[in-house]
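Residue-level listing of the chains:
Protein chains: 2
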Amino acid sequence: MTESSTTSTGLGFDLIKTDGMARRGRLSTAHGDVETPAFMPVGTVGTVKGMMPGSVRETGAQILLGNTYHLMLRPTAERVAQFGGLHKFMNWSGPILTDSGGFQVMSLSDLRTMNEDGVTFKSHLDGRRHHLTPERSMRIQHLLDSNVTMCLDECTPFPATHEVADKSMRMSMRWAQRSRDAFVERPGYGLFGIVQGGVYPDLRADSVKALTDIGFDGYAVGGLAVGEGQQMMFDVLDVTTPLLAADRPRYLMGVGRPGDIIGAVRRGVDMFDCVMPTRSGRTGQAFVRRGVLNIRNARHAHDPRPLDEDCRCPACREYSRGYLHHLFRAGEMLGPMLLTWHNLTYYQDLMADLRRAIEDGCFEQRAAELEAGLALGDHPALPDPLNLKAAPETDKSEEDSSVAIDL
Amino acid sequence: MTESSTTSTGLGFDLIKTDGMARRGRLSTAHGDVETPAFMPVGTVGTVKGMMPGSVRETGAQILLGNTYHLMLRPTAERVAQFGGLHKFMNWSGPILTDSGGFQVMSLSDLRTMNEDGVTFKSHLDGRRHHLTPERSMRIQHLLDSNVTMCLDECTPFPATHEVADKSMRMSMRWAQRSRDAFVERPGYGLFGIVQGGVYPDLRADSVKALTDIGFDGYAVGGLAVGEGQQMMFDVLDVTTPLLAADRPRYLMGVGRPGDIIGAVRRGVDMFDCVMPTRSGRTGQAFVRRGVLNIRNARHAHDPRPLDEDCRCPACREYSRGYLHHLFRAGEMLGPMLLTWHNLTYYQDLMADLRRAIEDGCFEQRAAELEAGLALGDHPALPDPLNLKAAPETDKSEEDSSVAIDL
Numbered sequence: 001m002t003e004s005s006t007t008s009t010g011l012g013f014d015l016i017k018t019d020g021m022a023r024r025g026r027l028s029t030a031h032g033d034v035e036t037p038a039f040m041p042v043g044t045v046g047t048v049k050g051m052m053p054g055s056v057r058e059t060g061a062q063i064l065l066g067n068t069y070h071l072m073l074r075p076t077a078e079r080v081a082q083f084g085g086l087h088k089f090m091n092w093s094g095p096i097l098t099d100s101g102g103f104q105v106m107s108l109s110d111l112r113t114m115n116e117d118g119v120t121f122k123s124h125l126d127g128r129r130h131h132l133t134p135e136r137s138m139r140i141q142h143l144l145d146s147n148v149t150m151c152l153d154e155c156t157p158f159p160a161t162h163e164v165a166d167k168s169m170r171m172s173m174r175w176a177q178r179s180r181d182a183f184v185e186r187p188g189y190g191l192f193g194i195v196q197g198g199v200y201p202d203l204r205a206d207s208v209k210a211l212t213d214i215g216f217d218g219y220a221v222g223g224l225a226v227g228e229g230q231q232m233m234f235d236v237l238d239v240t241t242p243l244l245a246a247d248r249p250r251y252l253m254g255v256g257r258p259g260d261i262i263g264a265v266r267r268g269v270d271m272f273d274c275v276m277p278t279r280s281g282r283t284g285q286a287f288v289r290r291g292v293l294n295i296r297n298a299r300h301a302h303d304p305r306p307l308d309e310d311c312r313c314p315a316c317r318e319y320s321r322g323y324l325h326h327l328f329r330a331g332e333m334l335g336p337m338l339l340t341w342h343n344l345t346y347y348q349d350l351m352a353d354l355r356r357a358i359e360d361g362c363f364e365q366r367a368a369e370l371e372a373g374l375a376l377g378d379h380p381a382l383p384d385p386l387n388l389k390a391a392p393e394t395d396k397s398e399e400d401s402s403v404a405i406d407l
Numbered sequence: 001m002t003e004s005s006t007t008s009t010g011l012g013f014d015l016i017k018t019d020g021m022a023r024r025g026r027l028s029t030a031h032g033d034v035e036t037p038a039f040m041p042v043g044t045v046g047t048v049k050g051m052m053p054g055s056v057r058e059t060g061a062q063i064l065l066g067n068t069y070h071l072m073l074r075p076t077a078e079r080v081a082q083f084g085g086l087h088k089f090m091n092w093s094g095p096i097l098t099d100s101g102g103f104q105v106m107s108l109s110d111l112r113t114m115n116e117d118g119v120t121f122k123s124h125l126d127g128r129r130h131h132l133t134p135e136r137s138m139r140i141q142h143l144l145d146s147n148v149t150m151c152l153d154e155c156t157p158f159p160a161t162h163e164v165a166d167k168s169m170r171m172s173m174r175w176a177q178r179s180r181d182a183f184v185e186r187p188g189y190g191l192f193g194i195v196q197g198g199v200y201p202d203l204r205a206d207s208v209k210a211l212t213d214i215g216f217d218g219y220a221v222g223g224l225a226v227g228e229g230q231q232m233m234f235d236v237l238d239v240t241t242p243l244l245a246a247d248r249p250r251y252l253m254g255v256g257r258p259g260d261i262i263g264a265v266r267r268g269v270d271m272f273d274c275v276m277p278t279r280s281g282r283t284g285q286a287f288v289r290r291g292v293l294n295i296r297n298a299r300h301a302h303d304p305r306p307l308d309e310d311c312r313c314p315a316c317r318e319y320s321r322g323y324l325h326h327l328f329r330a331g332e333m334l335g336p337m338l339l340t341w342h343n344l345t346y347y348q349d350l351m352a353d354l355r356r357a358i359e360d361g362c363f364e365q366r367a368a369e370l371e372a373g374l375a376l377g378d379h380p381a382l383p384d385p386l387n388l389k390a391a392p393e394t395d396k397s398e399e400d401s402s403v404a405i406d407l
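First to last, the sequence lines map onto chains A and B. Here the first sequence is numbered in full-length UniProt numbering, starting from 1 and rising by one per residue. Here the second sequence is numbered in full-length UniProt numbering, starting from 1 and rising by one per residue.
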């Protein structure tokens, strides 16, 4: 491990225990602590879709992620600031991390033009033109009152040649310096740098060096989970996390599925975010200890069992698979609400499980048990005592009851 | 008032206090008591849309309404029975009233043919043919384990000639006798008859007489809130409720707006149901002590005030109008969830207010105060400190986030 060379003391981080490369830590912010490894539910535009903030807290979540791109367009950062910042606006008293806006500009907006200064784009909502620079991103995240601000960077696409990845990474490093310069330090708030460099070990090493020389409160690994596959993602982590400052938190952006998270914790990652549990929950996919299942499948219609017999969430404690299936077939809001609640609970319980295993010095054993469980697959279907045909899907003549997708 | 001539003792009803025609009572069922006057939230297909059952209970609701038409089609009454009845299926331990299915057959299904035996129709979901008779409706509601079963009747359309209303009512009375004959009595469960007769006092009187001769656990006034207007509805109540058994509960079906409910309680009605608070909540309409408001309006974007400063619900205690406006503009599920919660809380608080006033012998005074409040209209708009243009609506390229409408 490299020596730490962070220059900021805005965010506290205690490394409590290590087990192999896996780390048990605690991030301290002006809005409270975060036990790591931690999973951050995504609250794109100031709400974790379909959940009351108190329910998100009940799942065990301690920190949320907000999307700068969405919030700058609607309701605008200035409006959020008028209401006292994002915590007050959305009634979440815990820590908040915001991304820089760069990723969604590239994936969602129209007519992007990027140069050394920043990126100009048209809003996907109303076509209005916006300009995002490192300085503007810092200002927006300040207005949002984000506890963890992310540097503006370019998420290098996959695949990219060494030359393209190099050039893209070097601009991101210059933007990282500008982000650092523009960031307003205050106690309990901090700025994370983002390692880029594609799948190339030398570029990842150069990026870590550049960021470490600048000095940040934490280091994110960016440009992964963009189509490269789990093994290549792990390969990049293998050559990146050992170079990162040991005394600063490490955040793997946009990851992932349960198996991705276990593998990344094994490689020394402390923080995660992903739309997977919330987005999948809204479409009927449930993450359970035996893998994944789709509650819309006809096999669940007559099934009196819970989604996951070991889960403590309301969807599992109070409802049958048959009822949850019915809600999705009927297009009822309560279906997405309950499956989101379940999936977020599952993710938080997974993180708590990993944290305990690191504390107990048995990470590899527990990780192997969890991975074996995920490989089992769902219980065999039960016979239908009524032998009824599957319930009809909500027909097209009814008002569409689909729910919004995290962008 | 007429003497009571009920023959069934399946449901208890205590008339605790009267104040003018207004009545303070208590309905007792196998699943608990209901303080009246009571408002029943609508849980069409086994869920009050957008609400957890525990949250519905928190609003003060003691009894829910389920729709036989929807449930018989999906997931089917037999499926609900497999799961132990509707209470267990949907995790609502309190009393449940189900309608007979007749109203929705007429308003929703295709290719209806009605004769003395019953009504044949095609499902609006998948086009399959179904036959609904008084006997089948009783059987379905039994399978659902409904505490309050409603007779199958024909909801006479408005306007209807005296001849049409007469003929329709007489068939409903024959169906009421068949419903009574088919209903399986058990303690804590009961059957309500439904008064028909359009806007004609003589027909309403004949209908009351026919039902009273049969004898029911309670009496509903049907065929109102179908376009006749509030005054005509009140006129029908004026000639109907005085004829109803004083010792049995009275239920005005499908009503209504807050002013309708106050006026109907004044005329001796004990029970109400309506999709208004839930359906309106999903489209952004909030019922408040000063009338109604639409949270989508731009005037709310910068407003830090609660929807209703006197409301105890989470939407009012924990969020600004500006945040709720943002949720609706962004098409977020939490908007409909919070406004539904608010509207149901408002309705339940209105009922509690009316119950207290009857107990205290000051119904007319309190009703006048409430009506004066409703006539005030919303507070004047505040100036926007940022002077921003309204947030854009969710664009069409995003996944539609609209939510299903109660049918």
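Check the hints yourself; a few may be wrong.
FRET-style restraints, in silico, Cβ to Cβ [to be verified]: (1) L386(A) - A30(B): 41 to 47 Å; (2) P380(A) - G215(B): 32 to 38 Å; (3) Q230(A) - P304(B): 45 to 51 Å; (4) L386(A) - G229(B): 29 to 35 Å; (5) G229(B) - L111(A): 51 to 57 Å; (6) L388(B) - E228(A): 38 to 44 Å; (7) V292(A) - G215(B): 52 to 58 Å; (8) R129(B) - G291(A): 47 to 53 Å; (9) P304(B) - L111(A): 47 to 53 Å; (10) L386(A) - S107(B): 55 to 61 Å.
Calculated from the structure, these hints are not laboratory results. Where a beta carbon is used, it is the ideal one built from N, C-alpha and C, also for glycine.
Taking the hints in turn, this is what the structure says about them:
1. One distance hint, 41 to 47 Å for the beta-carbon pair L386(A) and A30(B), is violated here, with the actual separation near 25 Å.
2. Judged by the Cβ atoms, the range 32 to 38 Å given for P380(A) and G215(B) is violated: they are separated by roughly 52 Å.
3. For the pair Q230(A) and P304(B), the supplied restraint of 45 to 51 Å holds, since their beta-carbon distance comes to about 46 Å.
4. Range check, L386(A) to G229(B): Cβ separation about 45 Å, and the 29 to 35 Å hint is violated.
5. Between G229(B) and L111(A) the beta carbons are some 53 Å apart, a value that agrees with the proposed interval 51 to 57 Å.
6. Hint check: L388(B) to E228(A), Cβ distance near 40 Å, so the stated range 38 to 44 Å holds.
7. At about 56 Å, the CB distance of V292(A) to G215(B) agrees with the hint of 52 to 58 Å.
8. A hinted range of 47 to 53 Å is violated for the C-beta pair R129(B) and G291(A), which are about 40 Å apart.
9. Checked against the hint of 47 to 53 Å, the pair P304(B) and L111(A) fails, with Cβ atoms roughly 36 Å apart.
10. A hinted range of 55 to 61 Å is violated for the C-beta pair L386(A) and S107(B), which are about 28 Å apart.
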